[in-house]
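**Student:** Chain by chain, the residues run as shown.
There are 2 protein chains.
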Amino acid sequence: MKVALVGIGKIARDQHVPAIADSGDWELAATVSRSGSVTGVAAFHDYDAMLAERTDIPVVSLCLPPQPRFDYALKAIRAGRHVMLEKPPGQTLAEVHTLAAEAEKAGVTLFATWHSRMAHGVAPAKAWLADKTITKVTVTWKEDVRRWHPGQDWVFEPGGMGVFDPGINALSIVTEILPMPIRLTAAVLEFPANRHTPIAANLTFSDGVSAVFDWRQEGPQTWDITVETTAGRLDLHDGGARLVIDGAPAAAGPDREYAGLYARMAELVKAGASDVDATPLVHVADAFMLGSRRTVLPFEF
Amino acid sequence: MKVALVGIGKIARDQHVPAIADSGDWELAATVSRSGSVTGVAAFHDYDAMLAERTDIPVVSLCLPPQPRFDYALKAIRAGRHVMLEKPPGQTLAEVHTLAAEAEKAGVTLFATWHSRMAHGVAPAKAWLADKTITKVTVTWKEDVRRWHPGQDWVFEPGGMGVFDPGINALSIVTEILPMPIRLTAAVLEFPANRHTPIAANLTFSDGVSAVFDWRQEGPQTWDITVETTAGRLDLHDGGARLVIDGAPAAAGPDREYAGLYARMAELVKAGASDVDATPLVHVADAFMLGSRRTVLPFEF
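So the protein lines, in turn, are chains A and B. Under full-length UniProt numbering, the first residue of the first sequence carries the number 1, and numbering increases by one thereafter. Under full-length UniProt numbering, the first residue of the second sequence carries the number 1, and numbering increases by one thereafter.
No wet-lab data here; the hints were simulated from the structure. Some hints here could point you the wrong way.
Short, incomplete list of chain A residues facing chain B, as computed with Cβ under 8 Å [claimed, not checked]:
id	residue
1	Ile11
2	Pro158
3	Gly291
Glycine is no exception: its CB is placed at the ideal position from the N, C-alpha and C atoms.
Construct the complete structure from the given sequences, taking the supplied hints into account.
**Tutor:** Right, here's the structure in full:
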């Protein structure tokens with residue numbers, strides 16, 4: 001199946017292009033970008049022109065930053081294309097609701113992807129937890145924004161979500177593996193004095209769940225989820241890639257997250273179905289709405 | 001039908017008690033409050049005791065502040081009672097989703113009320129706009145927090161929503177009368193230096209919709225919505241109570257908002273139905289998530 005990739009930046013080069021190239025389902029038929037392109041692939045600067053000229057391409061995958069993504073998605077849906085959205089699926093919840101309604105009206109597939117849910121340990125963690133009684137969940141997501149988003153000021157702009165850009169990956173895993181819904185009960189957000197979005201967050205949820213997100217972590221990076229149950233303990237390390245149950249390795253393997261997303265998109269298109277789960281974004285919006293605010297040192301890249 | 005009223009504060013005395021007293025459908029059978037009571041009505045201090053002892057009361061109406069409301073609602077639902085929620089229906093969206101799911105599971109009615117939708121001009125405004133093409137919508141909601149929430153520090157605490165406490169009334173009307181869904185595209189929020197929630201907000205939505213909320217308005221108070229269409233202009237004044245179409249009075253009348261809510265609740269219980277529309281709260285959460293932040297002068301009552 002032919003796919004057009006829109007937004008040829010870091011995430012496209014690092015993940016989308018290799019995942020499409022390695023897949024038997026997909027052919028990268030066009031790119032749309034102001035400056036980027038992929039060798040041997042038709043490159044458009046003008047999105048409208050691509051949609052108008054390349055009616056042979058039924059699927060559009062959007063990996064540009066969240067702020068402009070809605071307009072691109074709506075155009076694709078209204079042009080009868082199936083759409084795959086990078087996370088987060090919108091800069092607001094209303095955007096997600098609108099896109100879901102428009103895709104249904106147009107009879108096309110919309111897939112709001114959460115790449116971390118495709119990490120190696122996630123499916124077996126979910127299966128193991130399905131019949132357990134959970135007593136405590138601890139999420140620690142600490143990374144260095146300078147390493148992962150070098151110079152990307154958009155992450156601190158309104159709509160960029162700040163530390164929730166990585167933190168929503170943790171929330172996408174937690175909401176996938178836990179057998180019960182959770183809800184935020186308190187939050188403390190740390191805003192750099194010169195920025196509109198937080199650089200750190202401390203979240204308390206119902207059901208013994210808590211999370212610490214921090215973007216100021218130099219040295220070793222930490223993406224861990226620990227779940228304590230009445231029947232043992234589960235640890236997910238490395239952003240869900242490595243599962244440990246009661247101290248014993250239970251699943252691990254090379255990164256296949258984006259391969260998993262494109263395989264799922266192929267299934268959805270074939271089945272004429274959509275997959276739009278806004279739950280991780282609901283928790284982020286709730287954190288902004290309910291959180292108390294602390295102003296911290298200005299941040300510069 | 002017997003109803004228990006929980007949280008005997010300003011809104012209960014001003015609105016709920018008279019609306020119940022004037023209704024042919026309802027009997028105020030109990031109150032629950034730390035300090036308040038209503039003459040001639042059984043007064044409980046202990047909510048659990050009321051639920052356990054008064055199994056003859058099938059409906060609980062919650063008018064306490066949003067922060068504790070979820071726990072009270074969940075207890076009532078799990079005790080098999082129908083529940084009526086003051087606005088906002090939760091301090092988070094996850095709370096609303098959880099309550100809706102629990103009510104469905106328990107087979108009881110949940111009514112997330114929006115009293116401003118019952119204002120006199122709202123239903124005729126919705127009917128008039130149904131076939132119009134909207135070009136511009138301007139919302140101006142400016143009131144004096146000292147007059148309407150004297151000394152109520154909870155409105156500035158996390159979960160109290162600040163100026164969105166009245167602003168969500170405007171959003172509940174806008175989302176009711178407009179024939180199309182809208183989505184936030186930008187917001188500026190003004191936080192007093194000593195408070196966790198905004199005292200003013202400037203919102204830009206899709207489809208030509210904008211809103212200004214301000215809680216520092218002394219003198220005349222303003223709760224206006226203007227809708228310009230290709231076939232004329234509609235004005236709602238006084239929080240929806242007074243409708244003007246193309247400059248001519250079209251609907252007005254005394255305040256019957258809470259009477260309308262209790263009449264609707266009676267219908268819902270009889271029909272075995274629920275009415276939980278979180279859309280106004282979605283826009284508030286989106287504003288917190290997408291908004292840029294400006295720090296303004298400290299506020300004291």
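**Student:** Work down the list of hints and note, for each, if the structure agrees.
**Tutor:** Here is what the structure says about each hint:
Taking 8 Å as the C-beta cut-off, the interface hint given for Ile11/A is violated, the closest approach to chain B being about 21 Å. For Pro158/A, the interface hint holds, since its Cβ comes within 8 Å of a Cβ in chain B; the closest pair sits about 5 Å apart. Because the closest C-beta pair between Gly291/A and chain B is about 6 Å apart, less than 8 Å, the hint holds.
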